[in-house]
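Engineer: Top line first, the protein sequences correspond to chains A and B.
So this note's numbering is basically just the index in the first sequence, starting at one, shifted up by 155.
So this note's numbering is basically just the index in the second sequence, starting at one, shifted up by 986.
What the hints contain is simulated information worked out from the structure, not anything from laboratory work.
Cβ coordinates follow ideal geometry from the N, Cα and C atoms, glycine included.
Watch out, some of these pointers could steer you wrong.
To be verified - So these bits of chain B aren't anywhere near chain A, every CB distance computed over 10 Å:
no. : residue
1   : D994
2   : S1000
3   : E1001
4   : S1004
5   : S1012
6   : L1042
7   : I1046
8   : S1056
9   : W1069
10  : D1071
11  : V1099
Stated by the list, open to error - Distance ranges between label pairs, derived from CB positions:
no. : chain 1 : residue 1 : chain 2 : residue 2 : range
12  : B       : G1014     : A       : E214      : 11 to 21 Å
13  : A       : T170      : B       : H1068     : 35 to 45 Å
14  : A       : E214      : B       : W1069     : 32 to 42 Å
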Amino acid sequence: DAGITQSPRHKVTETGTPVTLRCHQTENHRYMYWYRQDPGHGLRLIHYSYGVKDTDKGEVSDGYSVSRSKTEDFLLTLESATSSQTSVYFCAVADRQSGANVLTFGAGSRLTVL
Amino acid sequence: AQSVTQPDIHITVSEGASLELRCNYSYGATPYLFWYVQSPGQGLQLLLKYFSGDTLVQGIKGFEAEFKRSQSSFNLRKPSVHWSDAAEYFCAVGDPNNAGNMLTFGGGTRLMVKP
Chain A
156 DAGITQSPRH
166 KVTETGTPVT
176 LRCHQTENHR
186 YMYWYRQDPG
196 HGLRLIHYSY
206 GVKDTDKGEV
216 SDGYSVSRSK
226 TEDFLLTLES
236 ATSSQTSVYF
246 CAVADRQSGA
256 NVLTFGAGSR
266 LTVL
Chain B
987 AQSVTQPDIH
997 ITVSEGASLE
1007 LRCNYSYGAT
1017 PYLFWYVQSP
1027 GQGLQLLLKY
1037 FSGDTLVQGI
1047 KGFEAEFKRS
1057 QSSFNLRKPS
1067 VHWSDAAEYF
1077 CAVGDPNNAG
1087 NMLTFGGGTR
1097 LMVKP
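Just chain A, with the same shape it has in the complex (with noise of 0.2 Å):
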């Protein structure tokens, strides 16, 4: 799974509070990426991570931050959750294969904001 560690896996809280989630890796991957997974969506691309303090916004970007202060970890903040907001978060990381990037996804962490 490239070593991919999500926090928290579950997580409850009441609109209008603040919200970080956690991805970390260990095998030094240098993108990183933050994705939502919604019913009849799919997944969507919040923003991602080309190094360190390297980041961009993707599909929907719009009420989150990110920040990667090293190459390990990447946080995602929902600065005052929404319920619109209740989704499956999922980190993903590029790794080398056959001379192209291939995502390796975390195992998710469900939020539900009330």
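With chain A fixed as given, assemble chain B onto it according to the hints.
Structural biologist: Then chain B, alone, in the frame of chain A:
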């Protein structure tokens, strides 16, 4: 921007029957193509991938997929389905020219297997 369509939201097949899951993509050239599988409550596992070359690719668990450029399709097949194949399947595309390596996913197809 690239996009992926999986026309079938749910599919039910009998155990032992053959399976084909459809995937159509929109992209200006030949993309990287992937199929992932997600068992309930689990993360995503890579089944197979296509980068270039032979258009029929073999994956894990007896799955295969065929890239058809003329149809912009990358359908997943298995000749004989097992009960353990019940899961959700996602097709994804990547842009070979994008250094960010991110993938665009289809909405998924949930496979149910009847005994």
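Engineer: All the hints need checking, so say for each whether the structure fits it.
Structural biologist: Hints versus structure:
1. D994: holds, 12 Å
2. S1000: The claim holds: S1000(B) sits with its nearest Cβ about 25 Å from chain A, beyond 10 Å.
3. E1001: holds, 26 Å
4. S1004: holds, 24 Å
5. S1012: holds, 15 Å
6. L1042: Answer for L1042(B): holds, closest chain A Cβ roughly 16 Å.
7. I1046: The claim holds: I1046(B) sits with its nearest Cβ about 13 Å from chain A, beyond 10 Å.
8. S1056: holds, 23 Å
9. W1069: Holds, because the least Cβ-Cβ distance between W1069(B) and chain A comes to about 23 Å, which exceeds 10 Å.
10. D1071: holds, 19 Å
11. V1099: About 20 Å separates V1099(B) from the closest Cβ of chain A, which puts it past 10 Å; holds.
12. G1014(B) / E214(A): 11 to 21 Å: Given a distance of about 18 Å, which is inside 11 to 21 Å, the answer is holds.
13. T170(A) / H1068(B): 35 to 45 Å: Holds, at about 43 Å.
14. E214(A) / W1069(B): 32 to 42 Å: For W1069(B) against E214(A), whose Cβ atoms are near 35 Å apart, the range 32 to 42 Å holds.
Of the numbered hints given earlier, the model fails none.
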